[in-house]
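Enquirer: These protein sequences, in sequence, are chains E and G. Position 7 (the first sequence) corresponds to 7 in the UniProt record's numbering; numbering is contiguous. Position 408 (the second sequence) corresponds to 408 in the UniProt record's numbering; numbering is contiguous.
One or more hints might be untrue.
Cut-off 25 Å, straight-line C-alpha distance, at most; resulting in silico cross-link-like pairs (SDA-like, lysine to any residue) [to be verified]:
| hint | chain 1 | residue 1 | chain 2 | residue 2 |
| --- | --- | --- | --- | --- |
| 1 | G | K733 | G | T396 |
| 2 | G | K495 | E | G11 |
| 3 | E | K13 | G | T31 |
| 4 | G | K495 | E | D85 |
| 5 | G | K495 | E | K13 |
| 6 | G | K387 | G | G174 |
| 7 | G | K495 | E | D84 |
| 8 | G | K91 | G | P70 |
| 9 | G | K398 | E | A91 |
| 10 | G | K160 | G | G16 |
| 11 | E | K13 | G | E537 |
If you want the footprint, here are the derived chain E segments under chain G, 3+ residues with CB under 8 Å [said to hold, decoys possible]:
| hint | stretch |
| --- | --- |
| 12 | 13–26 |
| 13 | 63–73 |
| 14 | 76–85 |
| 15 | 115–121 |
Quick caveat, the hints were computed from the structure, so don't treat them as lab data. Just so it is clear, CB atoms sit at the ideal spot from N, CA and C, and this is done for glycine as well.
Listed below are the residues making up each chain.
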Amino acid sequence: MSPSISLTLNGAKRDVALDDPRVTLLDLLRERLALPGTKKGCDRGQCGACTVLVNGRRVNSCLTLAATLDGAEITTIEGLAAGDDLHPVQAAFIENDAFQCGYCTPGQIMSAVGLIAEDRAGEDLERIREGMSGNICRCAAYHGITLAVRQATRGSAGIKKDDAA
Amino acid sequence: MPDTLDPHIRFGSNSGQPATRRDGVAKVTGTATFAADNTPEGLLYAVFAPAAIARGRVTSLDTAAAEAHPGVTHVLTPQNRPPLQGDPSDKPTMFSFRFEALQDDTVRYAEQPIALVVGETLEAATEGARLLSPHYETEKPRVGIDDAEPYGFEADAFGKPANTVHGDPDAGHGSAATSLDVTYETAPQYHNAMETHAVVATWDGDHLTLDMPSQALSMSCAGFAHYFGIPAENVTVRSPYLGGGFGSKAIPTGPYVLAILAARMTGRPVKMMLTRQQMFGPVGHRGQTRQRLRLGADADGKLTVIDHEGISATSTFDTFIEPAANASQGIYAAGALRSTHRAVALDVGTPGPMRAPGEASGSAALECAMDEMAEALGMDPLDFRLKNYAETEPGTGKPYSSKALRECYAQGAERFGWAKRPLQPGQMRDEHGHLVGWGMGTAFFPCPMFMADARAALRADGTALFETSAADMGQGAWTSLAQIAADSLGLPLDKVEFRAGHSGLPDGGVAGGSGHTATAGNALHTAGGDVVRQLGEIAAADPASSLHGAGNASFVARDGRLYIDGDDSRSDAFADILSRLGNAEIAGSGSASRDPDMAKQYAMNAHGAVFAEVRIDPDLCQMRVTRLVGAFAAGRIINPRLAESQLFGGMIWGISFALHEEARHDPRRGHIVNSDLAGYHVPVNADVHGLEVISVHEDDPHVNALGIKGVGEIGITGTVGAIGNAIWHASGKRIRRFPIRVEDLIRE
Ligand code: FES
Ligand code: FES
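Based on the sequences and whatever the hints tell you, model everything.
Expert: As structure tokens, then:
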């Protein structure tokens, strides 16, 4: 008698039968729903690699039991681009070389999308650094990450259109 | 950028361009497939139970409880573990270590695998491993550098550095007007790539496929083949992306071998992904060091001797000695040089190469000692280094293949504003009353090459395919190697298909030692050159070609055409040459390694200078690196965007080494108490401010045909010392132990 939950996952409604109440959202996505873009870096809420948006808020999916998410709306890295068009944060990450190995990157990007939506940092580099400090990058691509978040913030606020440089 | 290199490598229009990453879209959309992202049909999950103590014996495991747990399919212990065909103590390849794969019940370090649980789900296997509830017979662990007697050892190629003496160190001490005798310590550090070690192992008869991150694909095949008694060609390693490596993902390890064994035993694919905590034991680390530096200088400030003695920790069952003392060879023009290494055997996992092995720890101590000597002499630290600038390699007298270190010092100092630095410490405060200090260090890293092969094929449609089993762990191999490949045929980057990250391709060598771009890049360059040579022969022999009869003339490829070198009036399009031939494609091959004659004649290193500013809260002693300027000369830079990222990354590793990273052992059980990312500190975004990289132009006609030196590791060298020295300059306190902690400043 496996419990089941219904989710809106990357825009699509899904009923998900849970084979085990211990399953975290992270392992549900990665091991059961063929969405391995979200990464596991610590499984303890200490690195941010597993960041996804739940009802628009950034959360560590490794610390979230799937069984608690009935009715939730979830966005993962796979659901960010609109078809062939990259999300502005994704594009800014490429342009600013905001990653090296790319392993922390899905979490960084989801966190950046969340941060911009929270509207807490604006274009202030120090506040961006602070707001992105729940996401560890061992390759230490922080310089590019900070610039990418600022660039995407500008883009989404429509402050500066010719920000391609 | 002026380019004075040999014309045969000047044609490129791709090299030197800041192309964005070719794997960028895959990485920002979550479609780049890392090892553990694979979930084949019929998959089982394996989780190993880690030892909670560092020394002793496992006396009991509750295998019945584990086996009874729903979903658990197998429990492996030393009692029932199927045999391996190669012994875990064997060393089948150059980079092999003895590993733990349930061969007995001895515990040699914490986090060592003591059992393996296989289950239908990750949750079942994880809980099964927990239910084993091991009991131990414990012995007093030796985990501190004073817990065992240092010993000397015989030098060997890998992990056992030789002692080196140039000149007469004792005479150097005797003639010194000023002498310094200081001891520095560095902490044990763990690589902690964000992607923990992971494998999906699949057997098909006696063929083994491994999805795993690997910095050395061919060597991994040979290694695993040995332990499982199959030919190396039966092993396929697929490693398109590594989630960081830093030296830890080049060798077969015990956990991997156990997962592969489980797959063979069950006949099903098996996935194993280490937990973060399990990264603190069986997969290598940077061993702790204690380094004594005795420096002598004459009245003029010239070094009479650098005498560098290192003690490095290794495990009780294998040897990898962090070659820290070697950092003093080859850098300053001292009258005499001596580097000696000793080891202490501790109850820890065997160390291994970790980003700038030897150089990072050694440079940290050396650059601080240099600063202390400058202080003793009353000299500016940069002037002191310039006074002892090595025009030729100290000790050997060999010329450097190239060395733009003077320019690095000058440009870095200028950008940083070094000239305004007060000589005495404790002179500067910021607007919040925080102590401000400035320090510097020399960056230095050798530029080794490994061996690599590559294949190139020019196709009739004007595109080309290049292949080599290169590994991209973040340095950008997918992009920079493709740029080199495109240049070798004079094609735009988008006309080149590049295949890498698969062991079935020609051997791309090892992604390590900062030598991967140089090695695999030159192999690709040679393969492309082979195609050009064949095209030339075909065209010269073809009466329909405008190059007909060009005979021995050499050819160059540019914009999809073949030209006679030095004569632009005669050329022929690749497409025309190929179509007249009726040929689908022309294939070429190439390989690369260090030219032994050049290695005999020249000393080859990358150089740099790093300048750091720190601010210290005088009440809380909290330290912040507020500016870090690094100027580096590392030969030809293939992709400045990616090279800058590598250098930034290295410099931030320097911040980490200086102020953050340290594994701390519990003295009673011997385990590491901070074996997670909350307790084992690495810099986060808010720790990184005011970073600048200056790339200093350098042509090197000797180091290899492309003039590439490598940038992956040098950033960490110089930086650690610069930060330590800046802390002294701010506070007047010399802390001789890394990482420098708040309590060190309070206590002093
Ligand atoms: S994997 Fe969730 S925070 Fe690290
Ligand atoms: S890009 Fe490698 S961990 Fe962030």
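Enquirer: The structure should be examined with respect to each hint, and the outcome stated for every one.
Expert: Status of the hints after comparison with the structure:
{"no.": "1", "hint": "G:K733 - G:T396", "verdict": "violated (36 Å)"}
{"no.": "2", "hint": "G:K495 - E:G11", "verdict": "violated (37 Å)"}
{"no.": "3", "hint": "E:K13 - G:T31", "verdict": "holds (22 Å)"}
{"no.": "4", "hint": "G:K495 - E:D85", "verdict": "holds (23 Å)"}
{"no.": "5", "hint": "G:K495 - E:K13", "verdict": "violated (41 Å)"}
{"no.": "6", "hint": "G:K387 - G:G174", "verdict": "holds (20 Å)"}
{"no.": "7", "hint": "G:K495 - E:D84", "verdict": "holds (21 Å)"}
{"no.": "8", "hint": "G:K91 - G:P70", "verdict": "violated (39 Å)"}
{"no.": "9", "hint": "G:K398 - E:A91", "verdict": "violated (48 Å)"}
{"no.": "10", "hint": "G:K160 - G:G16", "verdict": "violated (37 Å)"}
{"no.": "11", "hint": "E:K13 - G:E537", "verdict": "violated (63 Å)"}
{"no.": "12", "hint": "13–26", "verdict": "holds (count 4)"}
{"no.": "13", "hint": "63–73", "verdict": "violated (count 0)"}
{"no.": "14", "hint": "76–85", "verdict": "holds (count 5)"}
{"no.": "15", "hint": "115–121", "verdict": "violated (count 0)"}
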